[in-house]
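Novice: Residues per chain are reported as follows:
Protein chains: 2
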Amino acid sequence: MELVEKFQEFKDYLRKIDYLSNALALAEWDMRVYMPKRGIEARSDMVTYISGEVYKLQTSDRMREYIEYFEGVSDLDDVMKAAVKNCRKIYDQTKKIPEDRYREFIKVASRSGTAWEEAKEKADFSIFQPYLEKVTEFKREFIGYWGYEGDRYNTLLDFFEPGITVEKLDEVFGQLKKAIVEILGKIQNSRVEVSTAVFSKYFPKQQQAEFNTMLLKKVGYDFETGRMDESVHPFTTDFGNKDVRITTHYYENEFRSALFSCLHEGGHGIYEQDIPDDLEGTLLDGGASMGIHESQSRFYENIIGRSLSFWKYFYPEIKRNFKQFDGLSLEDFYKGINRVEPSLVRIEADELTYSLHIIIRYEIEKELINGRVEVKDLPKLWNAKYKEYLGVEPSNDAEGVLQDVHWSDGSFGYFPSYALGNLYGAQFLGRMNKDIPDLFERVEKGDFEVIHKWLRDNIHRHGAVYEPSELIKTVTGEELKADYFIKYLYDKYSKIYEF
Amino acid sequence: MELVEKFQEFKDYLRKIDYLSNALALAEWDMRVYMPKRGIEARSDMVTYISGEVYKLQTSDRMREYIEYFEGVSDLDDVMKAAVKNCRKIYDQTKKIPEDRYREFIKVASRSGTAWEEAKEKADFSIFQPYLEKVTEFKREFIGYWGYEGDRYNTLLDFFEPGITVEKLDEVFGQLKKAIVEILGKIQNSRVEVSTAVFSKYFPKQQQAEFNTMLLKKVGYDFETGRMDESVHPFTTDFGNKDVRITTHYYENEFRSALFSCLHEGGHGIYEQDIPDDLEGTLLDGGASMGIHESQSRFYENIIGRSLSFWKYFYPEIKRNFKQFDGLSLEDFYKGINRVEPSLVRIEADELTYSLHIIIRYEIEKELINGRVEVKDLPKLWNAKYKEYLGVEPSNDAEGVLQDVHWSDGSFGYFPSYALGNLYGAQFLGRMNKDIPDLFERVEKGDFEVIHKWLRDNIHRHGAVYEPSELIKTVTGEELKADYFIKYLYDKYSKIYEF
Chain A
1 MELVEKFQEF
11 KDYLRKIDYL
21 SNALALAEWD
31 MRVYMPKRGI
41 EARSDMVTYI
51 SGEVYKLQTS
61 DRMREYIEYF
71 EGVSDLDDVM
81 KAAVKNCRKI
91 YDQTKKIPED
101 RYREFIKVAS
111 RSGTAWEEAK
121 EKADFSIFQP
131 YLEKVTEFKR
141 EFIGYWGYEG
151 DRYNTLLDFF
161 EPGITVEKLD
171 EVFGQLKKAI
181 VEILGKIQNS
191 RVEVSTAVFS
201 KYFPKQQQAE
211 FNTMLLKKVG
221 YDFETGRMDE
231 SVHPFTTDFG
241 NKDVRITTHY
251 YENEFRSALF
261 SCLHEGGHGI
271 YEQDIPDDLE
281 GTLLDGGASM
291 GIHESQSRFY
301 ENIIGRSLSF
311 WKYFYPEIKR
321 NFKQFDGLSL
331 EDFYKGINRV
341 EPSLVRIEAD
351 ELTYSLHIII
361 RYEIEKELIN
371 GRVEVKDLPK
381 LWNAKYKEYL
391 GVEPSNDAEG
401 VLQDVHWSDG
411 SFGYFPSYAL
421 GNLYGAQFLG
431 RMNKDIPDLF
441 ERVEKGDFEV
451 IHKWLRDNIH
461 RHGAVYEPSE
471 LIKTVTGEEL
481 KADYFIKYLY
491 DKYSKIYEF
Chain B
1 MELVEKFQEF
11 KDYLRKIDYL
21 SNALALAEWD
31 MRVYMPKRGI
41 EARSDMVTYI
51 SGEVYKLQTS
61 DRMREYIEYF
71 EGVSDLDDVM
81 KAAVKNCRKI
91 YDQTKKIPED
101 RYREFIKVAS
111 RSGTAWEEAK
121 EKADFSIFQP
131 YLEKVTEFKR
141 EFIGYWGYEG
151 DRYNTLLDFF
161 EPGITVEKLD
171 EVFGQLKKAI
181 VEILGKIQNS
191 RVEVSTAVFS
201 KYFPKQQQAE
211 FNTMLLKKVG
221 YDFETGRMDE
231 SVHPFTTDFG
241 NKDVRITTHY
251 YENEFRSALF
261 SCLHEGGHGI
271 YEQDIPDDLE
281 GTLLDGGASM
291 GIHESQSRFY
301 ENIIGRSLSF
311 WKYFYPEIKR
321 NFKQFDGLSL
331 EDFYKGINRV
341 EPSLVRIEAD
351 ELTYSLHIII
361 RYEIEKELIN
371 GRVEVKDLPK
381 LWNAKYKEYL
391 GVEPSNDAEG
401 VLQDVHWSDG
411 SFGYFPSYAL
421 GNLYGAQFLG
431 RMNKDIPDLF
441 ERVEKGDFEV
451 IHKWLRDNIH
461 RHGAVYEPSE
471 LIKTVTGEEL
481 KADYFIKYLY
491 DKYSKIYEF
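Top line first, the protein sequences correspond to chains A and B. With our numbering applied, the first sequence has no gaps in its numbers, which climb one by one up to 499 at the end. With our numbering applied, the second sequence has no gaps in its numbers, which climb one by one up to 499 at the end.
No lab work stands behind these hints, which were simulated from the structure alone. There's no promise every hint is true.
The list cannot tell twin chains apart, which means a pair is met if one copy fits it or any two copies do.
Cross-link-like lysine-lysine pairs, in silico, DSS-like; alpha carbons within 27 Å at most [stated by the list, open to error]: (1) Lys-37 - Lys-16; (2) Lys-217 - Lys-37; (3) Lys-217 - Lys-205; (4) Lys-11 - Lys-107; (5) Lys-205 - Lys-37; (6) Lys-56 - Lys-6; (7) Lys-168 - Lys-492; (8) Lys-107 - Lys-376; (9) Lys-323 - Lys-312; (10) Lys-16 - Lys-56; (11) Lys-56 - Lys-11; (12) Lys-16 - Lys-95; (13) Lys-453 - Lys-37; (14) Lys-385 - Lys-177; (15) Lys-385 - Lys-487; (16) Lys-186 - Lys-481; (17) Lys-37 - Lys-218; (18) Lys-380 - Lys-122; (19) Lys-217 - Lys-445; (20) Lys-335 - Lys-323; (21) Lys-201 - Lys-218.
Same shape as in the complex, but just chain A:
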């Protein structure tokens, strides 16, 4: 009984962090969606202050006492264990770093972001280089404080994808790279012509919004516990499982963009809406990891949303709503949304080549963190890899090494999650196909509840209680493998491009 009471006390403490984090998330959502232009300065100050209060609670002596107390107790249940482990991780992440070094890093990271923006705008890497060098040095230094097992990069990976190692990534990404390059070669030699011209017709925003909202409702995104707004870049956030916010961005001359971003963010959103009430406020009330989260968004966007079965059901609806598609067959529509075209920019990549963009970043980060390459070498290295894997070459660094914000604040180790999402998703699909043999026949009939239920029961209901490696093992009975995704890609594209 004493343990239960003590844990309740701990939960009450965590709840405070949760309240402030939700206030913070709301402030950030609003900043990106509705805030008047000139509100930015006051908002940033407020966010800085509240972040500081969250930080204080996460790293307080009281927090340390809770962690140490519960670490000394042997009979914790899974939730309690995970809650303590999670707090330990956050605690160590900052407390192991000398305070003055951490503060110095925060300063540099913030300036680095501004430098990156300017560098990207002017397509001039030299503006960003000195900042990226400092940020990189800090990260290398911090790994010294944090410690590492095996590869130094493992420590960074662990923040985003607990349990994933360089050894594992080298294996699965190695296989994946080989397969994608091979499939890409076949596609480039295919005689099949895929046109996407129709998507560039005029599609009024309101018309898109109505259709996408209908789609989201149909696949299971709940508008009583969620909403959808517009922002420059689509994103998902939440303030608990009953208040989830996704955003999209409409292009009136590009139909696919908002459509698939809605399904993508909808996948994230459904995950958050499915988190059980009893995890709320434990700091485990989110996805298991960045990669598992991404597996859900990509599942809805690609595995379901870019499948032929999905459009067998929805294409008549498209035809009814959009005269723009008059005369276009389902097959050509389906091919159009699955066209493969190697490109320079990650966020514009198709489903096949997307992972190559990630693998390039992974390979570079790993070398950089281990000191085997230096910041000054990055543009050359970047361009060489794009040339080698994708056959394209940036004409300047803005569409090359400067395209992503992630490195500017030292978020090394983040990128792999995106590609891991693809691998997790396909492996989940393998299991789902066994559990629901007529899965895609159901999709053809518009039955999305069966998918939603499977994801809820197997993945969503656990929140962040289990690490991704445990979760995938429990759900699929296997360790993470690249095979499922590779087979999925091969099956899909061999049909479309007839090879």
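For chain A, the structure is supplied; the task is to place chain B on it using the hints.
Specialist: Relative to the frame of chain A, chain B by itself:
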């Protein structure tokens, strides 16, 4: 130099309160404007937690030390003096009450709100009565702790309208009541017929929104530091002077509602946008009082927005945008928006009779707080006064004594501010007319900057540094008087109704 440093430290402390208050205001804005339905529970918990943190900062020992330190210093400037005085007020307001009594009151007040909602819905005062009795008892008890000078009700008035007393209100409200009743009599005997039928045509929301936005920009509401959204009841909030939010509610079969609510909230919004940067974060970065705030909203809504000059300028614009007004003359439009019709519900009242609704509430509150009437007598008393002053009688308590939320949490002393806003506004107008002799000729030409500038220079720039009584004295050279508003009403309605 030491004083300056110490005050800076104090300001840094106040800044924390400001950050949390802004987070809270954002959470409340979002709750009323965009929050998904089922987010309410988590949001309320978050708001309760953060409110508690604000309360802690406002009533901490550290706060007491600051207050006592600065109260002992003689050479504070106006801003410092006001900041300390304001903090003392908030500190005493709760600290003078025994903690257990305060906590008990908060519980009762919250349940009382729910009871009021139900009572109003069922038009059954007996549901609300026991709660209102408790809330009233608490307020009477609290006045004992707080102390009072002259009338017990003065203490409550002081929270909303510092410096205003029952003595003063009896004087100005007494004159005002007499005048309104007299003017109302003349109007009811007038042969002039005013039709408002045209306003009930169909006005699509989008069409209204575009026109009202144009209007707001024109009168000076800045959309780079503000926005406008929709909510059930219009309101204004802000998170600093660079992020002000107003809302409105569109009725597609009632043109006037959103139009004048936009001008009203716009007046509040302009006030907040004009607060100078150096008051930000001092807790003086808002209006001088509820009543002064209301004077600004009513100035834009009524004195300017319901003037003939205003529509001489804007009516052609109305004609261009709204075919619904084809064939209606400017004069008839002007009369229509100024039609007087005694009614039961405060928030639907016209400019003339509005103050009578307030005076009734004031008279009742004063008696109730002094124990000269009891809660059980309120419905009868209410109906009698409506009959006497306005000549109308509620058919049930939902459109009578239950119509407003204010009493449910014990906000006695709040109502008078609404009518004070009318008095302040007309008195400001008196001064403004002297300073700008061609004021309304300018309005006719669409020059609203001259008004905005006068309000900014004379009122807005002071934030909450001066109490309303000081402010009105400084700006107009006189104490608060009812004469200006009475003359304004007489002039306006004698022309419209030809008496």
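Novice: Hints first: check each against the structure and report whether it holds.
Specialist: For each hint, the structure was consulted:
For the identical chains of this complex, Lys-37 and Lys-16 are inter-copy neighbours only, at 23 Å across copies versus 30 Å inside a copy, given an alpha-carbon limit of 27 Å. For the identical chains of this complex, Lys-217 and Lys-37 are inter-copy neighbours only, at 16 Å across copies versus 32 Å inside a copy, given an alpha-carbon limit of 27 Å. Taking CA atoms no more than 27 Å apart as the test, Lys-217 paired with Lys-205 passes in both settings, with 18 Å inside one copy and 26 Å between copies. In the homo-oligomer, the alpha carbons of Lys-11 and Lys-107 lie at most 27 Å apart only across protomers (24 Å), although the nearest pairing inside one protomer, at 32 Å, exceeds that limit.
Proximity of Lys-205 and Lys-37 under a CA criterion of 27 Å is satisfied in both settings, with 23 Å inside one chain copy and 25 Å between copies. For a Cα distance limit of 27 Å, the shortest separation of Lys-56 from Lys-6 qualifies both inside one copy, at 21 Å, and across copies, at 25 Å. Only within a single protomer do Lys-168 and Lys-492 lie at most 27 Å apart by alpha-carbon distance; the minimum there is 26 Å, versus 82 Å between protomers. In this assembly of identical chains, Lys-107 and Lys-376 lie within 27 Å of each other by CA distance solely inside one copy; the values are 22 Å within and 63 Å between copies.
Proximity of Lys-323 to Lys-312 under the C-alpha cut-off of 27 Å is restricted to the intra-copy arrangement: shortest distance 18 Å within a copy versus 46 Å between copies. For the identical chains of this complex, Lys-16 and Lys-56 are neighbours both inside a copy (11 Å) and across copies (14 Å), given an alpha-carbon limit of 27 Å. Within a single copy, Lys-56 and Lys-11 get their C-alpha atoms as close as 16 Å, and across copies as close as 21 Å, so both meet the 27 Å cut-off. In this homomeric assembly, Lys-16 and Lys-95 come within 27 Å of each other (Cα to Cα) both inside a single copy, at 20 Å, and across copies, at 24 Å.
In the homo-oligomer, the alpha carbons of Lys-453 and Lys-37 lie at most 27 Å apart only across protomers (23 Å), although the nearest pairing inside one protomer, at 41 Å, exceeds that limit. Taking the shortest Cα distances, Lys-385 and Lys-177 sit within 27 Å of each other inside one copy (12 Å), while across copies they are farther apart (83 Å). Taking the closest pair of Cα atoms, Lys-385 and Lys-487 come within 27 Å of each other only inside a single copy of the chain (24 Å); across copies the shortest separation is 82 Å, beyond that limit. In this homomeric assembly, Lys-186 and Lys-481 come within 27 Å of each other (Cα to Cα) only inside a single copy, at 23 Å, whereas the closest approach across copies is 88 Å.
In this homomeric assembly, Lys-37 and Lys-218 come within 27 Å of each other (Cα to Cα) only across copies, at 19 Å, whereas the closest approach inside a single copy is 35 Å. Taking the shortest Cα distances, Lys-380 and Lys-122 sit within 27 Å of each other inside one copy (18 Å), while across copies they are farther apart (75 Å). For a Cα distance limit of 27 Å, the shortest separation of Lys-217 from Lys-445 inside one copy, 16 Å, qualifies, whereas the shortest one across copies, 51 Å, does not. Taking the closest pair of Cα atoms, Lys-335 and Lys-323 come within 27 Å of each other only inside a single copy of the chain (19 Å); across copies the shortest separation is 49 Å, beyond that limit.
Taking the shortest alpha-carbon separations for Lys-201 and Lys-218, only the intra-copy value of 25 Å comes in at or below 27 Å, while the best inter-copy value is 37 Å.
Hint violations for this structure: none, all hints satisfied.
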